[in-house]
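Protein chains in written order, with the numbering used here: chain A, 1 to 326; chain E, 1 to 607; chain H, 1 to 305.
Simulated from the structure, these hints should not be mistaken for lab results.
From a predicted model like this one, the values you see are computed outputs, not experimental measurements.
Don't be surprised by glycine CBs; every beta carbon is placed ideally from N, CA and C.
Treat the hints loosely; a few may be bogus.
As the list claims (entries may be wrong) - The list that follows gives simulated cross-link-like pairs (lysine-lysine, DSSO-like), each with its CA atoms no further than 30 Å apart:
{"id": "1", "chain 1": "H", "residue 1": "K68", "chain 2": "A", "residue 2": "K179"}
{"id": "2", "chain 1": "A", "residue 1": "K181", "chain 2": "H", "residue 2": "K263"}
{"id": "3", "chain 1": "H", "residue 1": "K79", "chain 2": "A", "residue 2": "K53"}
{"id": "4", "chain 1": "A", "residue 1": "K179", "chain 2": "A", "residue 2": "K107"}
To be verified - Here chain H is said to cover these stretches of chain E; the calculated rule only asks that three of the stretch's residues, wherever they fall, bring their Cβ under 8 Å from a Cβ of chain H:
{"id": "5", "stretch": "334–348"}
{"id": "6", "stretch": "380–386"}
To be verified - Distance windows between CB atoms, simulated:
{"id": "7", "chain 1": "A", "residue 1": "S5", "chain 2": "E", "residue 2": "D584", "range": "52 to 58 Å"}
{"id": "8", "chain 1": "H", "residue 1": "L188", "chain 2": "E", "residue 2": "S357", "range": "29 to 35 Å"}
{"id": "9", "chain 1": "H", "residue 1": "L277", "chain 2": "A", "residue 2": "R30", "range": "54 to 60 Å"}
{"id": "10", "chain 1": "E", "residue 1": "Q156", "chain 2": "H", "residue 2": "V109", "range": "36 to 42 Å"}
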Amino acid sequence: MFVLSFLLRRLLQGSLIILLVTFIIFTLLRVVPGDPARLIVGGMAPDEVVAMKAKELGLDRPIPVQFVSYLGTLATGDLGTSFVRPKSGASLGGAAFDDQTREERAKVLDLILATLPMTLQLAMVALVIALLVAVPLGTAGGLYPGRWPDKLALALGSLCVSTPNFWLGIVLTLFLSVKLKFLPAIGYRGFSYTILPAIVLAVEIVPFILRTLTVSVAQVMREEFIQLAPIRGLSRSRTIFSHALGNSAIPLINLLGVQLGMLLGGVLVIEFIFDYPGLGLLTINAVLQRDFPLIQGIAIFISVMFVAINILVDLIAMTIDPRLEY
Amino acid sequence: MNGPILAVSNLGIDLQRAGETRRVVDDVGFALAPGEVLGLVGEAGSGKSVLARALVRAISSPLEIVSGKVVFEGKDILSADRRELMAIRGNRIGFIGANPMGSLDPRLSIGSQIVEKLRSVKPGIGRAEAREKVLDLFGRVRIPSPDARFHEAPFQFSGGMMQRVMIVDALVSDPSLVIADNITQPLDVTVAAQIIRLIDDLRQSLGTAFLFISSSLPVAAQIAERTLVMQRGRIVEKGRTEDIAANPRQAYTRTLISRIPPIWNNVSAPVATEAEAVLKIDNVTRTYRVRRRNTFNGFNAVKAIRGVSFTVKARENFGIVGESGCGKSTLTRLLAWLEQPDSGRIAFLGKDLSQLSSRSLTEFRKSFQLLLQDPYGSLPANMPVQRMIEEPLLIHGVGKAEAARLAQEAMAEVGLSMEFAERLPVGLSGGQRQRINIARALVLKPQLLILDETLSALDQVEQAELLDLFTRLQATHGFSYVFISHDLALVRRMCHRIAVMYLGRIVELADNATLFERPHHPYTRALLSAMPTLEDNRFPRSRYLLDGEPPSPIELPSGCSFRSRCPRAQGDCQRIDPPLLVIDGGNAAACLHMHEALTEKETADVE
Amino acid sequence: MTDIVRENAVPPAAAKRGATPTQRMLQIAFARSDFRIGLIGFGLLVGLAIFLPLVSSIDPVKIAYSSKLLPPFPAEGWKWPYLLGTDQLGRDVLMRCLVGLRYSLLIGVTTVVLMFIVGCSLGLYAGFRGGWADAVIMRLTDAQLSIPMIILAITILGVSRPTVPAIILVLGLSGWPLYARVARSVALGERNRGYVLGERVLGASDLRIMLLFVAPVVLPPIAFVAVLDIARMMIFESILGFLGLGVQPPTPTFGNVIADARKYLLNAWWIATMPGLFMLVSLTCLNLMGSALERARNAVLRGEA
């Protein structure tokens, strides 16, 4: 079956990429200055204790050896244990090196799976908001190039893409949350806490959809089969909705895969500002605390997600456009 | 109903651009009777396509209808309200365009789109009923396996098949009029002839009237009883097609007809003479591996060239003709040494090209040049004209000053005015661009010029001018030309010897006179019968035109690759793949039964 | 219908002068009002950023408690010349914005130039050669795209004093795949053109063809991408600054200024809001220019000029 062979090939390529990414992050962490062992035992600890901790964590071995053994644990489905976070959930740092409460670290996979749903919720809400705003406007812009919907789309897109997301978060918090008490901002105590961060994230997504749609809708409307449709007897609404939009969606879906990395960056910053307990916040804290296993685990997880999403996007594109199969 | 089904009077259409207004359709009037086929002939820019669209009121800015009436079945389309218009378009009037591959949504199945059209114009029809009707019409236009092909997307069809699909699309609503705008232009000549025959059959059985628009009078003459000749927006001549062809009254029509190259009568075909060989191809093959869809790592072998041999002599024009899929383009790449053959030899001036070191190969490349079809893609947009012509010299190490001098000489020789020297190619016509290409080829003083459909994108006038140029250059420099073309008329006029290709093989190789007067291979005869001409065709279509399309080069029939369509196929044709068998002199054809065929024909002629 | 219109089209004035596609693109862009607005606005701001700190006596870094927390014009209590107010240490907000703009531009433009050179070279090579080179370079871009820039940045920079070159390197790593992809698709498109084949028949080397013929074709599509990217890089840089990973205080950059000002949001909202607005305006101008360039290039491609 064609789909099977396609999947097989893409999974193979995907695995290679994931491997490559893992190796890069792995090496990078160990090459760049900043000692996790010292961070864990505390800055005041004597050198021998630090060295012992390093040995315990396996950080004294050569990098390739560490990598191979890491791959070994991966193969069993174990993403490792956090250097830093205990099972209880609280984050650490700075305490004395012989503090007994430091034992019992959390498993990386658990940490990831606990925070993933939050980020997904944020992403979904943001996507819905962005689509609701950008699809009608972008389509209108493409249908009437050079007229006011197009100009509005261009202006709005430029405005959105020029707005630093952290600044927007701060300003919106000030007005909507503090001054007007409209929406809650910091932390998470219910679904309404997702809305403000989602708006900020949506502002990042909107310009991309606007730009792609206005160009591709305008392009499709110039195609011969669209021009011929009314002559063949098809009504205008049918021409636009059935044929023009369907063909315009293809470039949009194709570029989605490429944009993912950028969006993830936005998610990270936004979760940081709003103290939103998702994967992004987890990542930032992990990096700042040099929590190697957690960072690596997240990196692998994200790569796998990217590969999976890219494959999914390609499959959807092929369903919409049968030419791509060939 | 009595009276004409379509009556156009005083139609005027303006084009607005850059503040100027130009009249592109001027005071046009004509009538079309029910069931009649009316031809509309005009060159590029005559306004015929604009006229066609105006008849269905598909005119929008910057074009504007400024006067006239288009009365269809008693109703003036130009002043009808939206509902009336929608009841006519796609319903009572069908439309087929010149670009079959781009006429339907590329993502959806063609069957569903025709059903969609039918249900849009006749809302009462149910889905199953519509589907039945579509499948029935598929059978009538002779699309094989209609049930399966119903679900396929446009890209899975060839040009000819897709045009049949569009014919179904136009006829599915039982229109009383179909407008056919240049529908055979993108098609191979035998496929075009089939389509025209098909339309003729259909209109006789269905009683549909046709407005058949074409840029070529011979093409329109195949089907139109009456014809209108259009020039610069006006109808300059109208009448029965036969009368116009035999006795044109207007000067323009006379010029138009005089430009049609003669094929059968009053032809001075070039005669082959002896000379030394410049290019020798010996049993060359080339196969491509194409990934096979449904498997993980499977490949299909596309046998593009399957054993081709011929020789081109000095000062000779050698023609290679064939339709889509015959391997012409691959052969071009091999001749220009852009790709190497998988087996066989290509020898130029006696030297086997594969044996040359890369340095001597570069040196050798000066002696043969390639001229391609597309005048727009073949010139880099960022380089001034003279610099482009200097480029070949610069690559081969000629000094800047010397290169400039030689480039200017070449420009003069091909008729390019010096004012173009510093210009970028933007805005130049197709003919001018091809002259630049010719100058580029000339400048290295080659001995062989390979012309791959070089003139196909040009209009008649430009073609004729360039052909004269080619002849002049040959007299001055002693070139040999290889003309690769689908245009038999061109080849008839220019070439000494001609090879006919089919599915990667040469099926007939003969001198000009023999090929056109006594062709031996049934495919050659079919090609000749399909050629549109105003003269009496020596090979009438009723006898020689083939059905169907060539098989895919991935799955060739065993034995003779032509046997699946050959009217003469017999038992041994299935087992033996005939090579080129000599007829006489330098002529040969690849058919086991060619002599029998000829005898039969002679008998038929006598009767 | 468009072919009928084009058949009768008049070559526009630009064509008569014989301009290259890049020149035509620029001509169309300059004729657009949105491009001009963006250009003027951006030019003004850049001009201010370069010259005002040179001639003004206000020091963006020096602490001056006497003039702290002054609101902007026209709010009550504002003082000349502090048009946008002052922060908690008495420093002029406007001046700090201008200095921040300098750094943003420096980093943004340098990064884009580097990405352009490296990305386009790799992309051209990959698209033109195909085969091994193409496969390797494409997998590299895939891998690069799979690593979100933020993670890379935080990892590398979250460690010691981030220097300008390090920031440029990290930003550049995140963005070069786009240039490679665009250049590659241009190369793939040109590879089979008639004149390239003609060059090969003549025996021209691949390098010659790439440099002489294909590279100029890359310019129009990349031009607007580059302009838009400068804006994008400026935002990235400000994000890094906000997280504490960019240029460190007391040198003011948009990011660290806004981060600093968070605590004063309720009392002195202008310290955080003004720099953001400043960025918004400058980047909107840049983006207007970039979008106009994109529309201009599409028009050239379609043959409307």
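Cross-check of the supplied hints:
1. H:K68 x A:K179: At roughly 24 Å apart (the allowed maximum being 30 Å), K179 (chain A) and K68 (chain H) satisfy the hint.
2. A:K181 x H:K263: holds (19 Å)
3. H:K79 x A:K53: With a Cα-Cα distance of about 58 Å, the restraint between K79 (chain H) and K53 (chain A) is violated, given a limit of 30 Å.
4. A:K179 x A:K107: violated (41 Å)
5. 334–348: holds (count 3)
6. 380–386: Satisfied; 5 residues make the cut.
7. A:S5 x E:D584: 52 to 58 Å: holds (54 Å)
8. H:L188 x E:S357: 29 to 35 Å: Given range 29 to 35 Å: holds, Cβ gap about 31 Å.
9. H:L277 x A:R30: 54 to 60 Å: violated (42 Å)
10. E:Q156 x H:V109: 36 to 42 Å: For V109 (chain H) against Q156 (chain E), whose Cβ atoms are near 49 Å apart, the range 36 to 42 Å is violated.
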